[in-house]
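Peer 1: The lines below spell out each chain.
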Amino acid sequence: MSAEPQPQSPWQTATISRVEKRTPRVTSFWFQPSRPFTHLAGQHVDVRLTAPDGYQARRSYSIASAPEAGAAIELAIERLDDGEVSPFFHDVAEVGDEIELRGPLGGHFIWEVSDGGPILLVGGGSGVVPLMAMVRHRTLQRSAAPVALVFSARTWDEVIFRDELIGLDNRRDGFDLVLTLTREQARRPSDYSRRIDAHMMVQAMERLPKAPRLAYVCGSNAFVSAAAEAIIDAGVPAALIRTERYGV
Amino acid sequence: MVTRGFFSGRRPPSDTDARIPPGQYLEQGFPVLSAGPTPRLRTEDWSFTLKHGPKPIKKWNWAEFNALPQNKMTRDIHCVTAWTKFNTPWQGVLIDDILADAGIEPPTGFTLAHSFDGYSTNVPTKDLVTGKAMVALFYEGKPIAPDHGGPARLLVPHLYFWKSAKWVNGLQFTERDEPGFWELRGYHMYGDPWREQRYSSDS
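As you go down the protein sequences, you meet chains A and B in turn.
Residue numbering for the first sequence follows our numbering, starting at 1 and increasing by one per position.
Residue numbering for the second sequence follows our numbering, starting at 1 and increasing by one per position.
Chain A with its partners taken away, still in its complex shape:
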């Protein structure tokens, strides 16, 4: 008598092991998967919630943690007021809760140290999350790949991972942070207080030793459209630009 091997569900249960408020609207949740997986920097997971009557809602969230950071993965979730899943995380979810997870997923918006540099990263709001995984991956691998991160946020207090990013910037090891605030004055002399434009992209690329071999842009659709146009206008061929968009 032999048992037929059962195909394993692609979904698994993960336990929330830590919660940390990042900004007024963004909170990080660490998920400890029951079946550990290895992701690449830039990948996402699908999260699935099930109501008592069986109704399910699923959403994709980018992974913020580096592949090397340990078994628990960090998702930085922004509260969307008319959302269905993000309010659940912000208002209900807590350490010890079990959440269904699928992944890692995505095979395009990814960067590995072996891909080399220089790299231009451009993020708007929570669009910084997959870029953060790349920055952390670079740091933990002690990579010398030159990376410039241009991060657009409305205000200083809405700069997700602000202290960590400024700490990495201060190491002067080839990672360069450019903050641009759209609703406040810049706080650092090298930062900006306006929306991303081609001139800003030119200046960001001047911080790299040579032209980027790849550019990654993530954020709302309006942000990604504008930023990608600015990067093209600054001279980067469209074929070198990878985008990830969310929202309407």
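Rather than coming from a laboratory, the hints here were simulated on the basis of the structure.
None of these values were measured; they are calculated from a predicted model.
Note that CB positions come from ideal geometry on N, CA and C, so glycine has one too.
Just to be clear, a hint being listed does not mean it is correct.
[What the hints assert, rightly or not] Taking beta-carbon pairs under 7 angstroms as the criterion, some of the chain A residues facing chain B (in silico):
id	residue
1	Pro10
2	Thr38
3	Asp97
Starting from the known structure of chain A, fit chain B onto it as the hints suggest.
Peer 2: Chain B only, in chain A's frame:
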């Protein structure tokens, strides 16, 4: 597994349940997704090529393509990122009419759609013909916006929307089912929303 404390705030009305595939939610807007920047396309430079393997069968410029018979199609569309949008109105050229204008029957069972930005996606030929799919030129009665694939995009509404290639510039018949851009990066070879064929590990 029931999620503690989840009761859903955005459940679709029950009379629409039958139109929403599993795992999808109803979206009122029209989200934009793409792997790269929106290409800058001018209709003066636009062309559409039908190929069998490497061999071109017929090529149309913008004016020639727009002179082909046009049909309207209003359909529900389903994105793999879990949104479904009802009643999207399109106008364009049925794949059947493209083949008829080229004077051919489909030579193989597999098709790759190609786009100006290098994107590609595979669709079985039978899913493109007999009125199932078109190259769309208008959305809501207006030329398709560049972010949504204008000036022309493939429309295969019964499959996940990544199969409806934006900025399409040709169809290529292939002898085998060859994976396209997302299919090479972990997404399903067929992509039926009603069977939740999202990723390559889905049956």
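Peer 1: Let me make sure I understand: some of the numbered hints might not hold for this structure. Which ones are they, in numerical order?
Peer 2: 2
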